[in-house]
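**Student:** Since the structure of chain X is already known, use the hints to place chain A on it.
Number of protein chains: 2
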Amino acid sequence: MPERYFLQLSYKGTNYHGWQIQPNAVSVQEVMENALSKILREKVAVVGAGRTDAGVHASFFILHFDIENGIPKNLDIVYKLNSFLPSDIAVQKVWQVDEEAHARFSATSRTYHYFISTEKDPFATETSHKYLKPLDVDKMNQAAQKLFNYTDFTSFSRLHTDVKTNNCKIMKAEWTRHGERLQFTIKADRFLRNMVRAIVGTLLEVGQGKLSIEQFCKIIEKQDRGAAGASAPAQGLFLVDIGYPENIFK
Amino acid sequence: MPERYFLQLSYKGTNYHGWQIQPNAVSVQEVMENALSKILREKVAVVGAGRTDAGVHASFFILHFDIENGIPKNLDIVYKLNSFLPSDIAVQKVWQVDEEAHARFSATSRTYHYFISTEKDPFATETSHKYLKPLDVDKMNQAAQKLFNYTDFTSFSRLHTDVKTNNCKIMKAEWTRHGERLQFTIKADRFLRNMVRAIVGTLLEVGQGKLSIEQFCKIIEKQDRGAAGASAPAQGLFLVDIGYPENIFK
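Residue numbers (UniProt numbering), protein chains in the order written: chain X, 1 to 250; chain A, 1 to 250.
No wet-lab data here; the hints were simulated from the structure. Watch out, some of these pointers could steer you wrong.
[As the list claims (entries may be wrong)] Residues on chain A that point at chain X, a partial pick, calculated with CB under 7 Å: (1) Tyr11; (2) Asn82; (3) Ile89; (4) Phe123; (5) Asp152.
[What the hints assert, rightly or not] Calculated Cβ distances over 10 Å to all of chain A for the following chain X residues: (6) Ser87; (7) Ile89; (8) Phe105; (9) Pro122; (10) Glu214.
[Unchecked claim] The following label-pair restraints were derived from C-beta to C-beta distances: (11) Lys80(X) x Ala230(A): 22 to 30 Å; (12) Asn167(X) x His178(A): 37 to 45 Å; (13) His178(A) x Ser83(X): 22 to 30 Å.
Just so it is clear, CB atoms sit at the ideal spot from N, CA and C, and this is done for glycine as well.
So here's chain X without its partners, still in its complex pose (with noise of 0.2 Å):
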């Protein structure tokens, strides 16, 4: 009977063209199940709480993968995992869970910021957008909570893809400033791609005074992904927490 394992790590996106394995580009998929099956001595495949773009970052990661005959036990395995892999990846923690539990789909919630650095910032140019045109913050924040009035997002989504709804439960979304950095929180129950980047390009626009904040809603409204802004470029985006029922991290 296999066992399965839930993992927790976190990388920098940069170097990778994103999560989930493609040809011909390094993901960061890849790379965890080339680790885990050296290390495991058998083919491992991994499944991932979902997919991040070419160059977002996560602070926070699930994967969960089964193996058939565990881990074994005298195997400090975050340890070899954090030697064989490169620097831009690291693992926190990886423990058994019942068969049931699932990466993707036991997962209840995402939380995601996204960085924008308001000066030149030579240490944030892989981990921030740099922004230097004034914004209204106030602005961007009241755009941002006439998300919570809405549940379909086909208006911030990449066309063609496919999920079977549009619909995202918003359970925050928030604008902060720390120093010379904006922060902005957003935790909905599901996403839908490149989602997060096209709401903040669309507030950015916002916050530069050329979209209203009832322009913002119509374009919500609209349902049409030519409506919104551009999306926000990939490297200030970070996943930072998944939500999980209480019993999987027993």
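**Tutor:** What follows is chain A alone, placed relative to chain X:
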């Protein structure tokens, strides 16, 4: 009559062979001189507040330069410089000072931070020293306090430098913990070359239990560079502040 200006900048040292101009290697000083010469249309030489070694960062740095005809009133030099400079160097401020003000000789103190990651951190590979073995931070702090009892730091200097004395007045020396990050803050009127990294490297040996606090003191008393521990690596070190008399910031 030439005018003298101070310029405040920050840089990520990863891609530079330190502050000081040298043959066959890119330095921050050279990049700054080129940028200023280009924008001000005259050959500009700059004098830095000190030297940082290859790979060392500065979140705060001051240089001065003299120019014949002053900076044109309608030139937004900070904006121009930031557009011209690479993404890992940023300019915060440029202002005229008295002709006696000197970036290096007017400075009354320097403050450095040294960062240690006590867990693998994918986001800090270029800005901290990864150190996973257990450390007794209390003991490292007790040893750091002993630095206040001494003024000659020959044991923590590089051999064959051209300074007249090896005397420094330590004003602050303290380890603090921020989650999985240790921060060493050290402030003095001046520092010898390599001094902070040699102190940190030796304090790490105290933290591991390889050296007692008494042995740490003996090392200083020996006034012999060979006695100290290995230098901690460059990427954890940040110059974070330089003190000047108030009137320079008029």
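**Student:** Are the hints correct? Go through all of them and say.
**Tutor:** Checked hints:
no.	hint	in the structure
1	Tyr11	holds (5 Å)
2	Asn82	holds (5 Å)
3	Ile89	holds (6 Å)
4	Phe123	holds (5 Å)
5	Asp152	violated (35 Å)
6	Ser87	violated (5 Å)
7	Ile89	violated (6 Å)
8	Phe105	holds (26 Å)
9	Pro122	violated (4 Å)
10	Glu214	holds (34 Å)
11	Lys80(X) x Ala230(A): 22 to 30 Å	holds (27 Å)
12	Asn167(X) x His178(A): 37 to 45 Å	holds (40 Å)
13	His178(A) x Ser83(X): 22 to 30 Å	holds (25 Å)
Of the numbered hints given earlier, the model fails hints 5, 6, 7, 9; all others are met.
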